[in-house]
Structure formats: C-alpha cells, structure tokens
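Let's have the full structure, built from the sequences with the hints guiding it.
In case you want the letters, here they are:
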Amino acid sequence: MTEAGANRPALLEFLLRTGDNTLILGHRVSEWCGHAPVIEEDIALANTALDLVGQTQLWLGLAGDFEGKGRSADDLAYQRDTHEFRNALLVERPNGDYGATLMRQFLFDAWHYLLLTELTRSSEIRVAEIAAKALKEVSYHLDRSTDLVIRLGDGTAESHLRMQDALDDLWSYAGELFVADAFDEQLAAGGVAPNPSSLAPRWEEIVRGVLAEAALVPPSGVYIHKGGKRGVHTEHLGHLLAEMQFLQRAYPNASW
Amino acid sequence: MSVEWPLWEIFIRGQHGLSHRHVGSLHAPDAAMAVRNARDVYTRRNEGVSIWVVKSVDIAASNPSEKGPLFDPSSSKVYRHPTFFEIPEEVGHM
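Residue numbers (my numbering), protein chains in the order written: chain A, 1 to 256; chain B, 1 to 94.
Simulated from the structure, these hints should not be mistaken for laboratory data.
Heads up, the beta-carbon is just placed ideally off N, CA and C, and yes, glycines get one too.
One or more of the hints may lead you astray.
Unchecked claim - Result set (DMTMM-like, lysine to aspartate or glutamate): computed pairs, CA atoms no more than 25 angstroms apart in a straight line: (1) B:55 x A:41; (2) A:226 x A:243; (3) B:67 x B:30; (4) B:55 x A:143; (5) B:55 x A:243.
As the list claims (entries may be wrong) - Partial chain A-side listing against chain B, Cβ under 10 angstroms, derived: (6) 144; (7) 151; (8) 209.
Structure below.
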C-alpha cells in the first residue's frame, strides 16, 4: 500500500480529526434525546446523532487500523484523554437553546457536506468509501438544518433574536474548520483529502446565502478560535468526556 | 409553542408495496416539514421509498356509529366474491 509510507502519520491525524468531529458532535446532539421541544424534533435529532456516531465507528475504526496498535474505534472513543482529541472547538460548544444547537449543526453540516463530497474522490480508497456512505446522511442533515435555520431566523421576533445570538456566538468557532496545517497540506498534495482552506469559498457561499434568506447577519469580526485540531480544547470537552466515557472508565472493557 | 401545530396523517409506500399505506400521524407546521418529520419518525428502519402527507382535517371519514347500516348488509352476499367461476386450466394461476 502506498499510504503505508510517508502519509501514515498525516492520515492517522486526519482520521482522528474527522472521527472526533462526528463523535463529539454526535454526543452533543444526543444530549437532546428526550428534551427537544417537540417529539418530531426529538426523533429527528436522535437520528442525526446516530448517523454521526455511526460515521465515527467507521472513521475511528480505520484510524485504529492505520495506527496498528490494535486499538478499536471504541478504545479510541472511550480511552483517550481531552488533549488526545482532535475535534474542532465548534462541535464541543455546549448545546445552548434549540436555536444554538441548530445553528451549530448548520455551520458544521455545510462544511461536512463539502468535505465528504471531496473525500469521495480520495486517493485512499477506504476513505472514499466511508465518505460516499456518510455523504447521503449528511446531505439530509444539511437539508434539514438549512430549512430550520431559515424558518427560525425568518420566523418570529423571538426566534430571530435567538438565531442571531447563536450565530454571533458560534461564528468565530467555524473558522477553525478551514485552517490548514502541515498534515493537511501533505494529504492535499497526495490527493487523500482536500486542503481545508479550499473548502472556504464554497462554504461561505452556501452559508451566507442561507443566512441572508434567514434574515441573519454574520458578525463582521475575523477572530478565529482554534486549537481543537491539535488537542488544545475548551473546558467544555472535559465535561462532555466525563459523561461520555464514564462507563468504560469506571468498568474497563464492560460490554453487554 | 403558543399555537399547536396541525396534525398530519402519514402514508408510506414500502420497499415492495404498490400503494401507500397509512402508518400514523404527527404534528408539523406545514406540508414540507410534515414530509421531513415523517422521514425521521416513520422511515428510520428502512420502511419506505415514498411519503405522502395529508392534513388530518382534510380526511372525511365514515361515522363509526353507522357501521351497521354501512357494512353489515354486505356480509351476507357471498356471491359478490368471484369464487363461483370455473377457471379454465389454460388460464393457470390467477
């Protein structure tokens, strides 16, 4: 296998980043289970969470294969500490109100959709196959979050206010998704994954188009919160992991 | 929610079914969201290939208290079932 050589560390990093994004967002979204404003939304959100966790199994499973230390997707999900997680800060943001959850989802979905579209053409066949499977799910996620952002942004005075607040809070966390480092550039050169910065123009186009339709205005500031990709996280991730990993930490290798 | 969303009746055409079948109902503010919600609520286990939604208030139904006059008379008319014809051998299975 060609990727067994120089690309291996970069590819492992990329798989952890991709799998950690879906894992942490999947867990965040699952926190709504039983709490959403109406049962139809509750089920729809649970479906989204399950899609993301399912994708995590594939990405982290492949990461474990590449790592070659015999770690499974479960091992990687439940037995790493905060600084070993590679997810973007956006996905560990607390759920907030329903508007904030949907805005975070929308900003992520638009990026996720573009990333997976590019990954279906990856030179690493296993990456391309996972992307093709996940893309169908994520196309629907984007469809749904787009619709709800427009409905709530251009809805009542109250819903508009909440969506604008959510956008103001989350906007500076989206930028990290497009910042490339040496690993990204190496994988882009090898045709394994797109350079994250190359996704920015189309993301801006999609997101700004939807926000305009939703009567929402993105903040003008250009400050970007970043760090998650290299394991520097906000305090929120620790709390999330404490809950998510509790069982495997308290009862190692428990199964049913 | 200050205003209750209207109720929609959901019909799903299954993988092998020819016609849409009633599977249940749900709430949604309009038809487009009713279709989305139906996808999320009623097709999670690979049940469907097509969804219809109809506002519950738009369905006119027979009155249960008229069940006798409406349906009982037909129970004694077995000759309406096409079971009294000899089917020629050449026709085979119908």
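Structure-based check of each hint:
For the hint linking residue 55 of chain B to residue 41 of chain A, the alpha-carbon distance of about 19 angstroms falls within 25 angstroms, and the restraint holds. Our distance criterion of 25 angstroms between C-alpha atoms is met by residue 226 of chain A and residue 243 of chain A, whose separation comes to about 24 angstroms. Distance hint between residue 67 of chain B and residue 30 of chain B is unfulfilled; the C-alpha atoms sit about 33 angstroms from each other, more than 25 angstroms. Distance restraint check for residue 55 of chain B and residue 143 of chain A: the Cα-Cα separation of roughly 23 angstroms lies within the 25 angstroms cut-off, and the hinted pair is therefore satisfied.
Distance restraint check for residue 55 of chain B and residue 243 of chain A: the Cα-Cα separation of roughly 42 angstroms exceeds the 25 angstroms cut-off, and the hinted pair is therefore not satisfied. Using the Cβ-Cβ criterion of 10 angstroms, the hint placing residue 144 of chain A at the interface with chain B is satisfied: the shortest such distance is roughly 6 angstroms. Of the supplied interface hints, the one on residue 151 of chain A holds, with its beta-carbon coming within about 8 angstroms of a beta-carbon of chain B, less than 10 angstroms. Of the supplied interface hints, the one on residue 209 of chain A is violated, with its beta-carbon coming no nearer than about 19 angstroms to a beta-carbon of chain B, more than 10 angstroms.
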